[in-house]
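Engineer: These protein sequence lines map, in sequence, to chains S and V. Here the first sequence is numbered in this note's numbering, starting from 1 and rising by one per residue. Here the second sequence is numbered in this note's numbering, starting from 1 and rising by one per residue.
FYI, nobody ran anything at the bench for these hints, they're computed from the structure. Incorrect hints may have been included.
Here are the simulated BS3-like cross-link-like pairs (lysine-lysine), alpha carbons at most 30 Å apart as the crow flies [unchecked claim]: (1) S/Lys154 <-> V/Lys189; (2) S/Lys81 <-> V/Lys208; (3) S/Lys3 <-> V/Lys283; (4) S/Lys85 <-> V/Lys189; (5) S/Lys3 <-> V/Lys355; (6) S/Lys126 <-> S/Lys154; (7) V/Lys283 <-> S/Lys85; (8) S/Lys138 <-> S/Lys153; (9) S/Lys102 <-> S/Lys154; (10) S/Lys153 <-> V/Lys189; (11) V/Lys208 <-> V/Lys189.
One-sided and incomplete, this derived list gives chain S residues near chain V with beta-carbon spacing under 8 Å [what the hints assert, rightly or not]: (12) Gly13; (13) Lys21; (14) Val34; (15) Pro38; (16) Tyr40; (17) Ser61; (18) Ser62; (19) Val64; (20) Tyr111.
No residue lacks a Cβ here, since even glycine has one placed at the ideal position from N, Cα and C.
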Amino acid sequence: MTKEAIIIAGFGGQGVLSMGKILAYAGLIEAKNVSWFPAYGPEQRGGTANVTVILSDSRISSPVLNTFDTAIILNQQSLDKFESKVRPGGILVYDPQGISRKPTRTDITIYTVNAMEIATEMDNVKAFNMIVLGAYLKVQPIVRLESVMTGLKKSLPERHHKLLPMNQAALIKGGEMVESLSV
Amino acid sequence: MKNELVLLKGNEAIAHAAIRCGADGYFGYPITPQSEIMETLMELRPWDTTGMVVLQAESEVASINMVFGGAATGKKVMTSSSSPGVSLMQEGISFSCGADLPMLLVNVMRGGPGLGTIQPSQADYFQTVKGGGHGDYKLITLAPSSVQEMVDFVDLGFELSFKYLIPCMILADGVIGQMMEPVTLPPYKPRRTAEQIAAECPWAANGKPAGRYRNVVTSLELDPAKMEKKNEVRQERFRLVEATEVRYEEFLCEDADYLIVAFGSAARVCQSAVEDLRSQGIKVGLLRPITLWPFPSKVLSKYAEKVKCMMTVELNAGQMNEDVRLAVNGKVHVYHYGRMGGIVPTPEEVTEALKSHL
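Using the sequences and the accompanying hints, generate a full structural model.
Structural biologist: This is the structure:
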């Protein structure tokens with residue numbers, strides 16, 4: 001791995017920004033250069049939210065990008081906006097729930113994970129973003145799961161540390177349930 | 001003490017750095033995209049540890065005047081805001097310059113004019129380096145292009161400000177304020193004692209000891225001859241800063257046929273564009289002014305002899321472009337590529353813009 005640029009996009013409240021932050025922390029723990037740049041402002045109060053995360057072995061120049069190695073997509077608006085911005089040969093991971101117009105690109109690898117469904121089955125909708133992150137890391141293992149857990153520990157306030165095992169289970173479950181759409 | 005590596009937003013980094021550099025006080029009023037500066041300070045509660053005061057004022061006008069008051073007593077004090085808030089502070093900034101007070105100001109710029117937008121911009125360049133308030137004054141202006149520089153420039157800004165008795169502005173933007181990057185935080189420096197302040201700031205109005213006349217901190221002088229003299233002394237200090245404190249970074253400039261000039265977040269975008277253009281065999285370099293005043297005119301003038309053209313890239317309509325043109329004095333053409341209103345250009349757009357001038 002030399003450089004991985006990821007766009008994570010969905011609704012405000014789905015845990016888009018925190019998923020990016022945990023990924024960035026995991027990168028930091030593995031001594032990579034990282035950057036995290038959110039679309040900030042009214043997005044935090046509903047509407048669409050997105051964050052650009054870059055993990056690299058070398059110095060990161062622009063934190064703002066127009067093409068990405070991977071897009072993690074959690075709603076229709078974000079799919080419409082970012083499908084075309086994945087570089088040829090790149091990856092798109094999405095949760096099919098609520099997606100009526102499916103991705104059509106054939107020059108990228110597309111994966112789905114029924115994260116909302118799994119989160120509901122796990123009786124913990126808050127685990128949603130960790131299921132998605134687990135799915136992504138299964139198909140693109142840019143950081144180790146242990147680093148993600150360490151990152152999670154660092155970004156969660158101590159009073160929430162009892163939730164760590166649940167998050168770990170969600171990460172693993174996401175990895176198990178990710179499906180490739182490519183033939 | 002070991003330096004700590006942490007993941008922080010640019011705004012959070014300013015707060016951590018302020019406490020660690022031994023600042024005595026922060027006075028501010030919240031505004032996007034820099035509200036995390038005061039939020040972080042409030043969360044860190046430095047009044048319990050270093051004794052630093054953190055106060056939410058009733059307005060930006062009040063904040064800058066509280067800073068004036070703190071600075072007049074020789075304390076290390078600061079404020080931060082974003083474009084519309086900084087406009088409100090201009091009177092206080094001019095008064096501070098007129099009273100030759102050291103202080104740290106932070107502007108995390110957003111798109112304007114007016115209330116504009118909350119998205120990133122660099123459109124307050126003119127306001128900062130040409131004087132947004134009245135009178136013949138300058139602000140030492142540092143333009144960070146990374147979260148690490150947000151940390152480093154707090155200490156540097158105070159140092160320069162106290163050395164030259166000129167307010168220092170960290171001119172950042174929404175990208176640098178909102179993005180997270182790993183940063184190394186410096187060890188804690190103790191706040192200065194009253195004795196140290198008395199020794200370092202003999203001009204400070206912090207109590208009259210026996211044996212000297214009282215200190216008066218003011219920008220007012222009704223005798224024009226004395227007022228001119230005060231201005232002349234100040235201008236001499238400006239010339240000294242221009243001669244000694246210019247800072248810039250060169251990226252692949254050595255053999256460049258074309259030179260991009262950009263500061264802050266725009267410089268980060270341009271660095272990607274330069275890497276891309278180089279991979280296409282086009283010899284482009286990037287010169288990033290770190291101090292916007294004093295401006296790196298000499299080095300630009302030197303490159304004007306070597307390159308075919310220059311292009312400024314800014315999140316504005318071409319403000320620094322005018323200073324680059326002054327620096328090269330007609331020797332090469334200085335094109336401009338800019339986005340306004342909160343739009344950040346992509347590396348691809350910069351690449352295309354430069355190629356259109358080959």
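Engineer: Now tell me, hint by hint, if it's right for this structure.
Structural biologist: So, going through the hints one by one against the coordinates:
{"no.": "1", "hint": "S/Lys154 <-> V/Lys189", "result": "holds, 26 Å"}
{"no.": "2", "hint": "S/Lys81 <-> V/Lys208", "result": "violated, 66 Å"}
{"no.": "3", "hint": "S/Lys3 <-> V/Lys283", "result": "holds, 23 Å"}
{"no.": "4", "hint": "S/Lys85 <-> V/Lys189", "result": "violated, 46 Å"}
{"no.": "5", "hint": "S/Lys3 <-> V/Lys355", "result": "holds, 25 Å"}
{"no.": "6", "hint": "S/Lys126 <-> S/Lys154", "result": "holds, 18 Å"}
{"no.": "7", "hint": "V/Lys283 <-> S/Lys85", "result": "holds, 27 Å"}
{"no.": "8", "hint": "S/Lys138 <-> S/Lys153", "result": "holds, 20 Å"}
{"no.": "9", "hint": "S/Lys102 <-> S/Lys154", "result": "violated, 36 Å"}
{"no.": "10", "hint": "S/Lys153 <-> V/Lys189", "result": "holds, 29 Å"}
{"no.": "11", "hint": "V/Lys208 <-> V/Lys189", "result": "holds, 28 Å"}
{"no.": "12", "hint": "Gly13", "result": "violated, 19 Å"}
{"no.": "13", "hint": "Lys21", "result": "holds, 7 Å"}
{"no.": "14", "hint": "Val34", "result": "holds, 6 Å"}
{"no.": "15", "hint": "Pro38", "result": "holds, 6 Å"}
{"no.": "16", "hint": "Tyr40", "result": "holds, 5 Å"}
{"no.": "17", "hint": "Ser61", "result": "holds, 4 Å"}
{"no.": "18", "hint": "Ser62", "result": "holds, 4 Å"}
{"no.": "19", "hint": "Val64", "result": "holds, 5 Å"}
{"no.": "20", "hint": "Tyr111", "result": "violated, 26 Å"}
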